[in-house]
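Work from the hints to combine the two standalone chains into their complex.
Quick mapping for you: the protein sequence lines, in order, are chains A and B. Residue numbers 1 to 483, in this note's numbering, belong to the letters of the first sequence in order. Residue numbers 484 to 586, in this note's numbering, belong to the letters of the second sequence in order.
Rather than coming from a laboratory, the hints here were simulated on the basis of the structure. Do not take every clue at face value.
[To be verified] Within a straight-line C-alpha distance of at most 20 angstroms, the following computed DMTMM-like cross-link-like pairs (lysine to aspartate or glutamate) qualify:
1. A:393 with B:549
2. A:81 with B:556
3. B:517 with B:574
[Said to hold, decoys possible] The following label-pair restraints were derived from C-beta to C-beta distances:
4. A:167 with B:525: 58 to 68 angstroms
5. A:129 with B:512: 50 to 60 angstroms
6. A:84 with B:570: 32 to 42 angstroms
7. B:512 with A:167: 18 to 28 angstroms
8. A:464 with B:487: 54 to 64 angstroms
9. B:525 with A:12: 14 to 24 angstroms
10. A:55 with B:487: 22 to 32 angstroms
Note that beta-carbon positions come from the ideal geometry of N, C-alpha and C, so glycine has one too.
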Amino acid sequence: MTTTISREQWGSRFGYLMAVVGAMVGAGNIWRMPYVTGENGGGAFLIAYFLLLYLIAVPGLMGETSLGRYTRQGLIGTFRKVYGNNRLVGLGLVILIFNIVLMSYYSSIVGWSIYYAFHAVLGTFTQTDFDTAALWQDFSGNTALNVGMHTIAMLMVTGILLFGIKGGIERMAKWMMPILTIALIAIAIRGVTLPGAMAGLEFAFSPNWEYLARGETWLAALGQALFSTGLGWGIALTYGSYLGRNDDIPLGGGIFTAVGNTSFGLLAIFAVFPIVFAFGISPSSGAELAFVALANAFGSMTGGYFWALLFFMGFFFANLTTAIAITEVGVTTYREERNTSRTKAVLTICGIIWLLGIPSAMNANILGYLDFVVGNWGLPLSTFITMLAIGWKFDAHRLRVLSLNRGADLYVPRVWELVIRYQIPAIMLGIMAYFLYSNLGQTPWKTISGLVILTLMIPLCMWIMNRRHDTPHVANSTGGQSS
Amino acid sequence: MSLSAIIVMIASIIALWGVASCALIVSIRHEERKLALLRSQGDFEPFSPRAFRDLERWLTQHPESEHAPEIREWRQAQRDSLQRNPQRFYDWSHADDDVREAP
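For reference, chain B alone in the conformation it holds in the complex (with noise of 0.2 angstroms):
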């Protein structure tokens, strides 16, 4: 085999078989710490910091959205689930004080 298709079929195994494997591992253990969570306080937070901060600006941009009550209803359960729970899914160490803290 020549060099060129080597390396190529290296890469093709790296770019899908390494990425697969690795997806479906990270993706497992993820599942195994949500289901610890739930077992132990019985839920945890839906949102990551980044994504909680879209959900906070899609409503300062549409507060009157006939969408926003389901989405203000998400929000106050992420506040709820910040405020009941010791335990964290996502990691907030990086979080802005204003998110991580809920009112």
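Isolated chain A, as found in the complex (with noise of 0.2 angstroms):
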């Protein structure tokens, strides 16, 4: 109990719950996953990726949840607080960068998403004769529309944030995901009762058992658990700096969580597959699944109006509260180092991700370089900084006994000191070992060049935080163990 802080906090734990679950529900849940598991053997898939989810993603959300409350700092604040005044704080730099970069060309897709959910409230898919295909190549062509949806999902980011935590972001998750969860149970159980629907649950859930024997559906199973749940992002450090100190970690912060997150995937599988295959539409994932093939098959069905606009609505809501999420890391930290008002940060932070964001908004091939550099290596290389940073620099044990069990509503044993430490760094090494392995061959050019930026980034942000060391420090008045 070292200093005694002020820092805004939730308001309540089910805003918390909200706000969490909804920062790691994005695109990916309902446009992905559903195709991926049924790629991917089905329910054999989903085997896997219960137990990745389980033995991975809930101990590593429960590590990052906690180191986040037990600093009450941001990214870079955090990594200050566990490696002190060095270079090695550039590490917490590097995760910052990939946020920003991530969010600026995640605002596209936020950006899609209104555009298409725009269309539902005029009623654009029912009208007769209607050509989704046209729609979305004659959008995905015009520079000009692309950018401005991109400057309206960045406005409407920092709307939310400039109200705070509480006032902001918990206020939107708290209406925004039970819609999105009433929504998608709607739109299944309209889909369900179609003629044909139950080939495509069959499609999702029937086991093929050999595919559990395949090493390419571990590691979609591993992707999905990973990339869903943005572990390690920063993300849940954040969201965990504004928890009180006594309110649970393992159970709200790692389980429901994790758990819950995957459970929105799951529903995406009720709420797509069976309308993609009671119109006979080729299963995909993607851009074209939602906004070509299901727009297709609302316009098609009876109340096509409503059903199209639950969904595009429910899609929205989804991306915006992860958007809020990634943004709301850099906001926190900047806050934090230049001593500033939040409106100051927002303003800041968003506008630097508006205008990183333009060039992906005017071409497709530049969201694309960008994705593949983040996904690929810059998310892994992030997880694999924050275990190391929790499990080894912090030490495992000290943050379980100091932090995780304090307040929790579920005792953490001591195995998960070993999954920290060991597993998970371990499994991202792995992970971009075999994106080198497997994208060398086929996109050399970008494989190099994004192996290249990162290989430069990570001495050039150290070397950052090490010049910004030498010169005095103000320490910033939100540090602090308690409150």
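Structural data, given as structure tokens:
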């Protein structure tokens, strides 16, 4: 109990849980998980996925949230507390930069969902003989419109973040996540009652056990479990830093966050695949599934206006709550590091993201390249750095004894320390090596350039933080262990 | 649908929505209990019996650590809370007497 601090906290347990699960539930849960499940052995994939979720994502999220709650700081402040005032704090800056780059192109995806939600409100998809493929092609080719939607997305994120943790993020999540749940349940009920819908559920759930012996199945399950939960990217750490000192972490920040997030993926399977199969659409993933295939199916359904509206509004909410969380990582860190007001921090970080996001909004190839670099190496590297900081530098044993089991609804045993210290870092190294091996032959330029950028970024960030520490640093007023 | 697909579907619903719903309900109920204790007696013990034993064991193993003073502060906070407050958040009925009875 070192210092007394004044730091905003979540207003309610329900609010925190909705905000953190909203942070994790994004486009991937809705437009990726159903397809990945069906393509990788259905039930066999789900078994592999559950195992990895409980063995990696749940313990990892517990550790990240717990560290944030302990330090009560953003990314860089946490790394400063863990490593001391030296260049290794630059590792926190590396993760922060990945977050900002990730958000710079994720904003375009939020923009797409806003555009389609708007069209759902207008009733575009239910017009007679409406061509959804042509709409998507026209939209994709319209640079000004894409930049405009990216701008609207960032304005929305800015507006919500200006209201703060409790008044902005929590208030929105408390409404949006229940609405998203109801929307997906309603669509799922409608979907499974369509003729031919059962084939979709058969595709998703029928277990092909031989897939369990395939490495690709486990890798796909691992990728979904890690990327869907955002483990190690600073989101759980930042949200955890706004928890009270005796709030539970293992049950809420660990199990509920990881399992709740995946539950939305399961709900998406029920909502998406029955409709896809009932209308004879080839199962796919990504923008083509959501904006072409499903939009087309909704247009052909009885009451299509209502179903399209539910789906695209829900999809927009899922993307927006994730965008808010990714941006908040930068906002919290900037506010603490610059010792400035929240308003100034929000405007600065959102302004930077908006500017950096313009190229991705203008050119889909840039978006694809950034997604390739950040997804293949940036995010696994972030998870690796975070787990090393928790497991080795801070000491997983000390964190478990001092923070994780304090106020806990569930007791976390010692085996958790082994997962944090050895299992997750080893898996992250394996993932990065596999991505390198599999991409080097197919896309050598993208792979090598991405690796060069990453290799240069780590020493550069360490040099920046080292220089910053050489100059007198004003200890910020929001640090400290307890209130 | 095949029987195996139905079994996997039902198992998935239980493993995901069942667990998530239970976690949400338990978490919110515990939070309500914590708030009730805060209102009635001002605070409650921060560590469960098992977690408190871990805390004491850590101090036994690392008495000279630079982090020991912080852990000692938390141990003391726990003991003070156990002495001061008649109501407990955690179940201490099966805890060892040396842990339950704060010196």
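Status of each hint after checking the structure:
{"no.": "1", "hint": "A:393 with B:549", "verdict": "14 angstroms, holds"}
{"no.": "2", "hint": "A:81 with B:556", "verdict": "19 angstroms, holds"}
{"no.": "3", "hint": "B:517 with B:574", "verdict": "13 angstroms, holds"}
{"no.": "4", "hint": "A:167 with B:525: 58 to 68 angstroms", "verdict": "27 angstroms, violated"}
{"no.": "5", "hint": "A:129 with B:512: 50 to 60 angstroms", "verdict": "54 angstroms, holds"}
{"no.": "6", "hint": "A:84 with B:570: 32 to 42 angstroms", "verdict": "41 angstroms, holds"}
{"no.": "7", "hint": "B:512 with A:167: 18 to 28 angstroms", "verdict": "26 angstroms, holds"}
{"no.": "8", "hint": "A:464 with B:487: 54 to 64 angstroms", "verdict": "55 angstroms, holds"}
{"no.": "9", "hint": "B:525 with A:12: 14 to 24 angstroms", "verdict": "20 angstroms, holds"}
{"no.": "10", "hint": "A:55 with B:487: 22 to 32 angstroms", "verdict": "24 angstroms, holds"}
The structure is inconsistent with hint 4 alone, although it conforms to all the rest.
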